[in-house]
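Peer 1: The residues making up each chain are set out below.
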Amino acid sequence: MARRAHLAAGFRRVLLAELRQIGARPGLMFMLAPFPLLLFALLAVVFHLGLPRDLPIAVVDLDRSTLSRQMVRMVDAAPDVAVAREAGTLAEGRQLLLSGKAYAVVLIPVRTERDVLAGRRPEVVLFYNNQYMTPGSLVARSVGGVLGTVAAGISVEARVARGADVESATQAVTPVPVRQSALFNPSLEYVQFLLAAVMPTVLQIFIGASAALSFARDRQGVAGLGRSLRLGGTLFRTTAGKLAPYTLAYLLVLWGADALLFGPMGARFGGSLAFHAAYGLVFVLASQMLGAAAALVARDTVSALAAVGVIASPAFGFTGITFPRLSMNGFSRFWADLLPVTHYLELRTDNILRGAPLETSLPAFGCLLGLALIYGGVALLLLWRHGRPRPVSAVEAGR
Amino acid sequence: MIAAFCREIVAALGAIWTDKGARSTMLGATLFFSAFFPQPYLNEVVRDLPVAVIDQDGSTLSRELVRRIDAADAVAVARYAPDMPSARSLFLKREVHGIVVIPPRFERDLLAGRAAPIASFSDGGYFLLNSSMSSALSNAARSLGAEVQIGRLAASGVDMAEAMAIVEPLRVTTIPLFNPAGGYASFVLPAVFVLILQQTLLMGIGNLKAGRRPGAALSTLADAIVYVGLYSLWAGVVLVWLPWVYRLPRIGDVAVMYAVVVPFLAAVTAMGIAVARLIPTKEGVIFFLVVLGMPLFFLSGVSWPAEAMPGLLHAIAFVIPSTTAVPALVRVNQMGADIRSVETTIFVQLGLCLAYSLLAVLVERAKGRPAA
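Taken in order, these protein sequences are the chains called W and L. Here the first sequence stands for residues 1 to 399, numbered as in full-length UniProt numbering. Here the second sequence stands for residues 1 to 372, numbered as in full-length UniProt numbering.
Excised from the complex, chain L in its bound form (with noise of 0.2 Å):
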């Protein structure tokens, strides 16, 4: 028995290897993706986003404000522009991504104690052009605006504490948790990985299964094995070594990420095999795992939050294991949290598995039953 079970495991493990599309994707895909998908956000925040001013004041306060928000590190003055009409022309033409305007009397206005508003017109197409811009600004204005007030209140007598304590009697201080830089890669890769892993994981096994009749329950539970196996191998390198490599913050426990990661591959596994049963042909099930690659992120609630989601689709979407996999290994790997807030995902994943394996069962025996 066992000796016939060893016999299987070896089997399964040649077969992936003689398989041409199941070795590119189940070795090779996996890391390939890994190095391809992170390119475009490798510099993780927006730097030196170009500016226009148009300074209608021309004093040194305006200038004093220019200088603060040129030195913020999200954006840079990268034009002066006489007026709207040609700052905006350089915004159709991309030259500049956001435009602000120092109406004229800005200094006499502050200096005389009134408010001295300014304008400013970001990118609203791009959310994170858009909000990089705005909080630049009123960083910017904010720190200038304090300033000038500080010195009136300390200019008319009033001691620098007493100052600084009508000017902000409340100090609130924000404190970014968990990805402290703000960085794009930070906040989506490591939900991009746990995707890959199950995608790639899916088309091996539809370019091992699908079209093939199956093979007995014990060479099936070797092969499962093998799939679990060699796809924990590759969850240490896709969620812990890539991380280090592209020095995104990961403070979790890898035993507590194991907990979660062996059931989850499991369920994926057993979904696996049964798609490969329901879709007949190789070509499908890639064709079919592609397309649904993107959709799955969306639903995994990471970029989305699944409170913006109707309740019933994400009811329905807890079909998929990386539904709830991606939030509780990004919780484990990125936030750190202990198994005890991940243990209903374990479970969930546990459930999937048993589901899905009794699928391919009754999808094997619906398709024999004819024949037979």
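Only chain W is shown next, with the shape it has when bound in the complex (with noise of 0.2 Å):
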């Protein structure tokens, strides 16, 4: 019983003496919660438009003809894009792309009517910047539906002309129909995912970054890291002391980061609560034991932030939340399992978007906790070889 309550008092001492450091250290109070808050409200503030609308496209209109008209009138109207200039040439247009002007350029070549009349199918060219590709295949699907909607009408006229009903000449047009959905996520919202990986994934490099400073600033300190073992009593009462403010902090902003995508921002959320709390602390706990395993291995403060902006900063890509998983090569799914935050995306999705039962989320859950023992059994080890008395303070400790 005294021998519980003397390692309760460790964990509290740590405990204190951290929350000491945190307080004399405005800067680091300040990106223990605000600052990520802020980073989420400008991301927010990013997407909140959703998908944009009225992108820019040029139109180069060599027929002039009822037709081609109708055509520009048409693509104007679809709510992707907006027809924002009338070159008089193709070079024009190419240029209005270079300039960032347009998106895409529509060329109807002269005599475009009178060859559709004589059966000559005649070609209309949609050529669209893919090097910006959001923006690129957003104009391209949808100027080229309205096309597509142009030339099933004159199909539809020319099938009725030669005898046939309305509804079987429409039915013809598109032999083959396809009913697409999107299973999970029917209205595409596609920008609520985009948010909700981002934020996690920027979260990542605050969590492992204090988790550095805070072990980092120890062992460059006077006292060294031995100060803080002998005030803890053991390794885990110290770790867990010198970690437990930030494991809160950035709980609260997870979670409140959520409340605001949950709550205001009408995202939904479809699975468990319970299981959704307790993956997310979890990953908190996975990425403070890498950014200390990183600070005990790097030499100084610096080395040790430098460690985790190496880790953490590239890691969106590699969590396969814009370009998938099953594409990358060997070496980048290797590297993406080792980051708590690709498992922890996949949790989410599975439990939040996909409401998939529990068992389907079994192995990336283990993966998530034991990426979280591994970096933690690292951290530990370090920390007891790092904090062995030196031979002089052996001496002084014995006294």
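It is worth saying that the hints were derived from the structure and are not from the lab. Model, not experiment: these values are computed from the prediction. Just so it is clear, CB atoms sit at the ideal spot from N, CA and C, and this is done for glycine as well. Any given hint could be a false lead.
[What the hints assert, rightly or not] Label pairs and their in silico Cβ distance ranges:
id, chain 1, residue 1, chain 2, residue 2, range
1, L, R47, W, G27, 45 to 51 Å
2, W, W255, L, F5, 55 to 61 Å
3, L, S135, W, L338, 32 to 38 Å
4, W, G370, L, S135, 34 to 40 Å
5, W, L248, L, P104, 54 to 60 Å
6, W, R268, L, V319, 33 to 39 Å
7, L, R340, W, L373, 57 to 63 Å
[As the list claims (entries may be wrong)] Chain L stretches covered by chain W per the calculated footprint, using a threshold of three residues with CB under 8 Å from any CB of chain W:
id, stretch
8, 28-40
9, 124-131
10, 145-159
11, 165-175
12, 278-287
[Claimed, not checked] Reference listing, derived: stretches of chain W covered by chain L, where coverage requires no fewer than 3 residues with Cβ under 8 Å from a Cβ of chain L:
id, stretch
13, 84-98
14, 121-135
15, 145-157
16, 327-341
17, 349-358
Two chains, each in its own frame: build the complex with the hints.
Peer 2: Shown next as structure tokens:
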């Protein structure tokens, strides 16, 4: 009993010492909650308008017929795009693409209407800027769809003229219609996903960096890690006491951002809240252990921060939210498995979005837990090695 | 004067080499990040995305449709599922990323000239998987449908040319420019590389300058020239050589690129010196820059179009050099834009350089006054 009280006291002593350290550093306090929340607000503002509307495109109408004017009108009426310019020549259209004033150019060649009526199958060309893939593919899909509708209308007229009734002619235009639905995200609310995925990735940097700073600071200090170890009594109590303030702060930030996402921003939550809380906690712990291990491997504070930066700042590409993991090379898949955020985001998708049964998520949860244990083990091992009293301080301690 | 200036230049170079932090960010990190960031994207496109097929028709035409879906580059038919619940469970286990349902009487309806719809369920959580699957599927459905239609018309005695004109009276050709294969690496990396230049340069300056007494004007100027010079070399490596190594499309004129790069680097250097004077500790500067990297990427308007951002935010983001420099350099390098198309950006960068230099001087004045 007395022993337990002693150990709890060790935890409390380290915790208080850490809180004093934080209290003495306004910069550190700022990065605990206000700064990540500020970044979340910034990202939310970047994405809050959702997918863009009225992306500017240019038209080169060399035909100037009823049909070509109808095409231009219909393209302009599509919600995703707006015909911002009418260029006289293709070269002019190209210049608009190069200066970023248009994402696509539609070329309607001369005699288009006449060739359609004569059955010569003229060609309308849509050039789009695929270097800017997000708006480029949006524009291509939208304009391509409109032009397809125009062509389908002509096709229906041709069939009706040959004696078909309107209904069968309409059916014949798209003989194999594809009824497309996106599972678990019927309205394709992609923006909320992006935001929901970017935020934990940014937080992983904060969490890792704060843990790294905490340990690196002790290591560089005059008293060294030995002092914290003596305060805490055991390796485990020391680590827990040092990291607890950050665990709490970042859990609050993580859940606070989620509260905003699922509250005022209206994202749908379709899973188990308890499980969400559980993997959130393990994610924060694993990221902390990663940062602590990095700090104990690195020689000084700046290199510790740099190490966390190297590991955590490119993480977003590896998580597979934008470019899918199944198309990555072996190294990237391996590296992604070492990052807590990869598993966290997979668990989020499974739980919140897909409402998957718990056993589907067990492997990913196991991976996250495994990472926390491995990084934690490395951190404790290094702490033990660095915190061992050196000969001089051994004498001092013996007195 | 000139001799003193040369000495300052040598001193600035020496400082980068002897300061461990500066050496590892300005020399090591630039190269490391340029090799590391591209890794996930190097395969460029989604290939053989596994999908499950529920073929309730089991006819010649339904098998032909499945064959065409499987033949698409992006998609591979990985499983045949008997019903929706089992397909769904494969989906939840991430063994497949899409489900195609071909209903009974598909062949009969198609041959009778009635619409024969199929259903596709794609992965709504992943934008790229979703769009790869839907385009592969609509291509397969359209090509099969058109063939059956032309066959029917030809069988009823219409000649081939006329049948084609009825089925497709207006050809719509879609041509993707600048990134013809739609590669993800080609899309993201040119922007990321510019951002890596900016961030490592800022970190290096933070390492060298934060928390130290600023030198004389001449020595600061010499430092700035050395940073811009060093990073102009890096720009060659990262924006010209690396795209060649990774086989990314690059058609730009190197001279035009440098016309943007040099003002951009000057603006970044001025910003770095100002930030280092504003944030007093090295750790603070580096931390600030590490967490800011990703938001800055989204602000640059390459992955997320600037049109979709609130105007005020985009206006505020102008103070960061990368916001305008990233799209301008992408336009020059990947799209072959001439200098006329990017002259606004050049002026913006020069303006930023001036503004940050002024800020750096003012911060120093403000700090110096209470002490004096």
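Peer 1: With reference to the structure, classify each hint as holding or not holding.
Peer 2: Hints versus structure:
1. L:R47 with W:G27: 45 to 51 Å: Given range 45 to 51 Å: holds, Cβ gap about 47 Å.
2. W:W255 with L:F5: 55 to 61 Å: For F5 of chain L against W255 of chain W, whose Cβ atoms are near 56 Å apart, the range 55 to 61 Å holds.
3. L:S135 with W:L338: 32 to 38 Å: Distance hint for S135 of chain L, L338 of chain W holds at roughly 33 Å.
4. W:G370 with L:S135: 34 to 40 Å: 38 Å, holds
5. W:L248 with L:P104: 54 to 60 Å: 58 Å, holds
6. W:R268 with L:V319: 33 to 39 Å: The hint (33 to 39 Å, Cβ to Cβ) holds, given that R268 of chain W and V319 of chain L are roughly 36 Å apart.
7. L:R340 with W:L373: 57 to 63 Å: With Cβ atoms ~59 Å apart, the hint holds.
8. 28-40: Our answer is that it holds, as 7 residues pass the Cβ test (under 8 Å) against chain W, meeting three.
9. 124-131: holds (count 8)
10. 145-159: This one holds; 4 residues, not fewer than the three required, reach chain W with a Cβ under 8 Å.
11. 165-175: holds (count 11)
12. 278-287: holds (count 6)
13. 84-98: holds (count 3)
14. 121-135: n = 15 at 8 Å, threshold three: holds.
15. 145-157: holds (count 6)
16. 327-341: holds (count 7)
17. 349-358: Satisfied; 6 residues make the cut.
In the structure shown, no violation is registered for any of the earlier numbered hints.
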